[in-house]
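Student: Chain by chain, the residues:
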Amino acid sequence: MRSIEQTAASAQAMAEVRKTERRQKINAVVRYVILAAVGFAMIYPLLWLIGASFKTNHEIFTEIGFIPMHPTLDGYIEGWKTSTEYTFGRFFINTFIILIPKVLATAFSSTLVAYGFARFDFPGKKILFSILIATLLLPNVVTRIPQYILFRELGWLDSYLPLWVPQMFAVDAFFVFMLIQFLRGIPRDMEEAAMIDGCKPFQVLLYIVIPMLKPAIISVCLFQFMWSMNDFLGPLIYISSVEKYPIALALKMSISATESFEWNRILSMTVLALTPSLAVFFLAQKYFIEGISTTGLKG
Amino acid sequence: MSEVILNQLEKVYPNGFKAVHGIDLDVRDGEFMVLIGPSGCSKSTTLRMVAGLESISGGEVRIGGRIVNNLPPYERGIAMVFQNYALYPHMKVHKNLSFGLRLARQPKDQIQDSVDYVSGILQIEELLDRLPKQLSGGQAQRVAVGRALIKKPEVFLFDEPLSNLDAKLRASMRIRITELHRQIKKEGLSSTVIYVTHDQTEAMTMGDRICVLRDGHIMQVDTPTRLYDYPSNAFVAGFLGSPEMNLKPASLVKHEGKPALRAGGFVLELPEEKQKCLENQAEGPVTLGIRPPFIDLADDDAEGPTVEGTIKFVEFMGHEVFIYFDLDGEEYAAVNRIENRARLLSLKGGERARFRFNMRRAHVFDKKTEQNLTLSNHV
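Residue numbers (my numbering), protein chains in the order written: chain A, 1304 to 1602; chain B, 36 to 414.
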């Protein structure tokens, strides 16, 4: 009797387990289908861009799908030559000439300013900090014209100086704020121990603070890298000769240069222009996420 | 010579709060001085002023005869061990230990010798290639001590170094640090220690002398045994010793022409030396201080003066029994050894029992100033 009862009970339990498993499986399938659909919708423009860069100009306007029927490298080869006397390589080099000093200057100056605000007491600190944060709220456009006039007076137009020099003075309050938040999360004991070990304030910064700030500094560099890579307005205002153009301007130029322009060339060059940012992001993803997640700043 | 002298040392914060009220303290060469007090008594602030991590608002700090008020920390000849170890997270243990020496540009082989020496003493040789995050609490603590030791400082400063460790590890590190202090002293190196803690066990077991602080004032500085036996005021009496001393209101009266105490309707006669101290005191309210081990449960047929109280509850601790009893509205604690086991365990709440106070070990504190009135003979 008992064994029959037991078998019945265990069979029932098994059925219950199977039911739960089936329900979980269905749930998971539904979830992933929705996620995949939304994800696909998000990434579709990028896929289309990459696909279209291998199409002929004619195919771009006749076919809907993003897989090229007659793949060709024509867009890349012709696009690289550009309609100017320079190849696209020149514009890549220009971009990095703007970008590398800009990123280094930002990292250096923001760290220094953040260290000062986070670790030292000086008269007027509160007011200065409020002003710094207030600049976060100031629309960039407001300062464009006075800045332009300033740099014109200095005779810096059509050079990279207006793009480099401001970064040496920690003009991006966002970065300073991000680093300060990160520093606030680090106890001072290590720095005090270093002072007892014989560090002067600048050595404390160099040997102790910067290594601990590394993830945040890498985030700052990445942000600045990506923003500068995509910066269109800055170079547009200050750079006038084509030989100094960065990618962003060069792309725009190829659109307006001829009347019936070759979309596949533009798209090919756009793909190339995207690659450095993507590559850098994926290489440094680990630090990037660590940096922004510990500062309490998301995105 | 590496004595530390605090002379009228003061700390006033920018918001006007006065944390340290002109304290004088003389830490002798090679001495293990413990600063203890409840939280907020400014013991850490005082230590940090000696270290140079906190500015000095008034008075002076002398280390080895030099006034160091305006010297940066690294020129004061000190080394410090922090509560949370403060190891440099991006450096391996080896680099953590040698950081100070490398900053001082010592020759490489000399640095290596020092690292070997220190890691040998502290048994951290196998940890040298690890990062701080790969160390357990106890190991990190040893590395932190090593980082102080390697500098061969004149004075070691410890800021609650054991409070992040679990009880068992704390006990073993306590012994280890005490041993280390002896060893360094024996080797003829500078071994003056200032050790901040809020744990009275650490203070009592480790310190050559203890400085008890309260709200930025020094309450008493003395050896652990003298602090325990002859507290100079009610605060020290209540702060040190576990279980805590009974500090209860009583009144000073004349009994047969001699000073005696009245507590809860009973007259407690005082031994002669205490009577002498109290001869010139006016009668009136005072505070009676007596440690729980000096109150004994008396047999019902016991002779001599006893008091009668109501048992509130009894705690059996294994080798001793805590008895809490009520004496006319005041709750006293008594600790009795387990010799009389059957009797002790049969005690029940609400029962009346007689107790004998060992008045030789009792103290009488002034009600207002809290000063110990029965001390002059011992000082």
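Hints listed in this document are in silico derivations from the structure and should not be mistaken for laboratory results. It is possible that some hints are incorrect.
[Stated by the list, open to error] Here are the simulated SDA-like cross-link-like pairs (lysine to any residue), alpha carbons at most 20 Å apart as the crow flies:
| # | chain 1 | residue 1 | chain 2 | residue 2 |
| --- | --- | --- | --- | --- |
| 1 | B | 130 | A | 1583 |
| 2 | A | 1503 | B | 293 |
| 3 | B | 187 | B | 50 |
| 4 | B | 168 | A | 1506 |
| 5 | A | 1517 | B | 168 |
| 6 | B | 168 | A | 1490 |
| 7 | A | 1589 | B | 168 |
| 8 | B | 127 | A | 1428 |
| 9 | A | 1429 | B | 104 |
| 10 | B | 130 | A | 1428 |
| 11 | B | 130 | A | 1429 |
| 12 | A | 1428 | B | 104 |
| 13 | B | 127 | A | 1583 |
| 14 | B | 293 | B | 158 |
| 15 | A | 1503 | B | 50 |
| 16 | B | 168 | B | 158 |
| 17 | A | 1503 | B | 137 |
| 18 | B | 130 | A | 1545 |
| 19 | A | 1517 | A | 1429 |
| 20 | B | 168 | A | 1515 |
| 21 | B | 347 | B | 293 |
| 22 | B | 127 | A | 1429 |
All figures in this text were calculated on a predicted structure; none of them were measured in a lab.
Student: For each hint, tell me whether it holds in the structure or not.
Tutor: Results for each hint:
Annotation: proposed proximity of residue 130(B) to residue 1583(A) is violated, straight-line Cα distance about 31 Å (limit 20 Å). With a CA separation close to 67 Å, the supplied pair residue 1503(A) and residue 293(B) exceeds the 20 Å bound. Straight-line distance between C-alpha atoms of residue 187(B) and residue 50(B) comes to about 37 Å, which puts the hinted pair past the 20 Å bound. As the CA atoms of residue 168(B) and residue 1506(A) are separated by approximately 23 Å, the hinted pair breaks the 20 Å bound.
Taking the CA atoms of residue 1517(A) and residue 168(B), the gap is about 16 Å. The hint holds against a cut of 20 Å. In summary, the hint linking residue 168(B) to residue 1490(A) is supported, as the alpha carbons are separated by about 15 Å, within the 20 Å threshold. Between the alpha carbons of residue 1589(A) and residue 168(B) the distance comes to roughly 19 Å, so the proposed pair stays at or under 20 Å and holds. Restraint check: the Cα-Cα separation between residue 127(B) and residue 1428(A) comes to about 36 Å, which exceeds 20 Å; the hinted pair is violated.
This hinted pair does not check out: residue 1429(A) and residue 104(B) have alpha carbons roughly 28 Å apart, beyond 20 Å. Taking the CA atoms of residue 130(B) and residue 1428(A), the gap is about 35 Å. The hint is violated against a cut of 20 Å. Straight-line distance between C-alpha atoms of residue 130(B) and residue 1429(A) comes to about 37 Å, which puts the hinted pair past the 20 Å bound. For a cut-off of 20 Å, the pair hint linking residue 1428(A) to residue 104(B) is broken: about 26 Å separates their Cα positions.
The straight-line distance between the Cα atoms of residue 127(B) and residue 1583(A) is roughly 29 Å, outside the 20 Å bound, and the hint therefore fails. Note on residue 293(B) and residue 158(B): the hinted pairing is violated, with a Cα-Cα distance of about 62 Å set against a maximum of 20 Å. The hinted pair formed by residue 1503(A) and residue 50(B) fails the criterion: a straight-line CA distance of about 27 Å is larger than 20 Å. For the given pair, residue 168(B) sits about 18 Å from residue 158(B) by alpha-carbon distance, which is consistent with the 20 Å threshold.
Between residue 1503(A) and residue 137(B) the alpha-carbon distance is near 14 Å, which keeps this suggested pair within the 20 Å criterion. Among the hinted pairs, residue 130(B) with residue 1545(A) is inconsistent with the structure: their alpha-carbon atoms are about 52 Å apart, more than 20 Å. With a C-alpha separation of about 26 Å, the suggested pairing of residue 1517(A) with residue 1429(A) is violated against the 20 Å cut-off. Taken as a hint, the residue 168(B) and residue 1515(A) pair is honoured in the structure, with Cα atoms around 13 Å apart against an allowance of 20 Å.
A C-alpha spacing of about 33 Å is found between residue 347(B) and residue 293(B), which places the hinted pair above 20 Å, so the restraint is violated. At most 20 Å may separate the alpha-carbon atoms for a hinted pair to count; residue 127(B) and residue 1429(A) exceed this at roughly 37 Å.
Figure legend: structure checked against the earlier numbered hints; hints not met, in rising order: 1, 2, 3, 4, 8, 9, 10, 11, 12, 13, 14, 15, 18, 19, 21 and 22.
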